[in-house]
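There are 2 protein chains.
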Amino acid sequence: MPKLETGLVQVYTGDGKGKTSAAFGLALRAVGRGLKVYIIQFIKGGFDYGELYVVDKLPNLTLRAFGRGKFVTAKPAEADDVRFAQDAFRLAEEVVQGSKYDLVILDEINVALDLKLIDLEEVLKLIKSKPRKVELVLTGRHAPNEVVEAADLVTEMKEIKHPFSRGLQARKGIEY
Amino acid sequence: MPKLETGLVQVYTGDGKGKTSAAFGLALRAVGRGLKVYIIQFIKGGFDYGELYVVDKLPNLTLRAFGRGKFVTAKPAEADDVRFAQDAFRLAEEVVQGSKYDLVILDEINVALDLKLIDLEEVLKLIKSKPRKVELVLTGRHAPNEVVEAADLVTEMKEIKHPFSRGLQARKGIEY
Chain V
2 MPKLETGLVQ
12 VYTGDGKGKT
22 SAAFGLALRA
32 VGRGLKVYII
42 QFIKGGFDYG
52 ELYVVDKLPN
62 LTLRAFGRGK
72 FVTAKPAEAD
82 DVRFAQDAFR
92 LAEEVVQGSK
102 YDLVILDEIN
112 VALDLKLIDL
122 EEVLKLIKSK
132 PRKVELVLTG
142 RHAPNEVVEA
152 ADLVTEMKEI
162 KHPFSRGLQA
172 RKGIEY
Chain D
2 MPKLETGLVQ
12 VYTGDGKGKT
22 SAAFGLALRA
32 VGRGLKVYII
42 QFIKGGFDYG
52 ELYVVDKLPN
62 LTLRAFGRGK
72 FVTAKPAEAD
82 DVRFAQDAFR
92 LAEEVVQGSK
102 YDLVILDEIN
112 VALDLKLIDL
122 EEVLKLIKSK
132 PRKVELVLTG
142 RHAPNEVVEA
152 ADLVTEMKEI
162 KHPFSRGLQA
172 RKGIEY
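So the sequences go chain by chain: V and D.
Quick note on our numbering: the first sequence kicks off at 2 and runs consecutively.
Quick note on our numbering: the second sequence kicks off at 2 and runs consecutively.
Please note that the accuracy of each hint is not assured.
Because identical chains cannot be distinguished in the list, a pair is counted as satisfied if it fits within a single copy or across any two copies.
Claimed, not checked - Once the Cα atoms are required to be at most 25 Å apart in a straight line, the calculated SDA-like pairs of lysine to any residue come out as:
no., residue 1, residue 2
1, K71, Q98
2, K101, Q87
3, K101, R65
4, K129, H163
5, K129, L64
6, K162, R84
7, K126, F72
8, K126, I161
9, K58, K76
10, K4, K159
11, K159, E123
12, K159, V10
13, K134, P77
Calculated directly from the structure, the hints in this document are not laboratory data.
Construct all of the structure, not just a fragment, from the sequences and the given hints.
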């Protein structure tokens, strides 16, 4: 099985569309090469997303989503949201440090950080102590500067034009 | 089978990572919802990409890549590159206008436009005349202003930080 010689830390952030999709597209590419991929979703657990329905068709791809199926926007956060995010982060630590996966995607972790559901110092520690061969991807808007600093590759998805501002609803199969 | 009520025109452009991956991630989401997806790759034909190895595991996803397996950078373009791009575009017209696919992804078409391998006016005509229910996605850096104007949703993948500038080679399973 091919393994990465050097895994990097990638961040997809910004207010534009395509952060989670880029991570899933990367997962697709990685499993195509026989890499093992683990996707941990913060916040999104309990939501209904199209990609959840095909993940089991892909070999070497594991996905776990944490959350209570409601958008988390409140600051300070509710106890349930904190608990879900903490559980997700504990799993992230285990999966990254276990070195059994080539690519670990922490989807929406930046949002969890922004909402103070998890601790920035702990995330930085995870980034800095990750095994060399593990590729770590962190997605979500509002990535803290410290995370951007610690990452090797950072892409901002920048919204240039968006039809929701003229009233279009999210569409099944495209936005979710 | 669920069908889109309103298909939009999306553009993923910019110098950052994640344009093609975002399109493939979207394809994954769409097929998860039972939508039919057609991906046409400009320029990239003949190249070896990880995602090519799992596409056949996904239902309702068709992919065709055009190109001669060499990066196209020359202006004026070579005759072969023009021919491959023109063939790709003829197929794109057929697939979009045929209305049999919910999501049509024209991967790297912006690059083909930038290199003048295909005609801007023809692409604008395809965008403007697309059937209402078809979602059309155009990827690649250097999207012409006219394409951005004609699109409904435009995301710029902006490179904030990239390790290739410090000499890292593209990695199998991650960059390709």
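Okay, the hints, checked on the actual structure:
| no. | hint | in the structure |
| --- | --- | --- |
| 1 | K71 with Q98 | neither (30 Å within a copy, 39 Å between copies) |
| 2 | K101 with Q87 | within (21 Å within a copy, 45 Å between copies) |
| 3 | K101 with R65 | within (16 Å within a copy, 33 Å between copies) |
| 4 | K129 with H163 | between (36 Å within a copy, 17 Å between copies) |
| 5 | K129 with L64 | within (23 Å within a copy, 39 Å between copies) |
| 6 | K162 with R84 | neither (36 Å within a copy, 32 Å between copies) |
| 7 | K126 with F72 | neither (27 Å within a copy, 40 Å between copies) |
| 8 | K126 with I161 | between (34 Å within a copy, 22 Å between copies) |
| 9 | K58 with K76 | neither (38 Å within a copy, 42 Å between copies) |
| 10 | K4 with K159 | neither (32 Å within a copy, 28 Å between copies) |
| 11 | K159 with E123 | neither (28 Å within a copy, 27 Å between copies) |
| 12 | K159 with V10 | both (20 Å within a copy, 17 Å between copies) |
| 13 | K134 with P77 | neither (36 Å within a copy, 42 Å between copies) |
Consistency note: the structure conflicts with the earlier hints numbered 1, 6, 7, 9, 10, 11 and 13.
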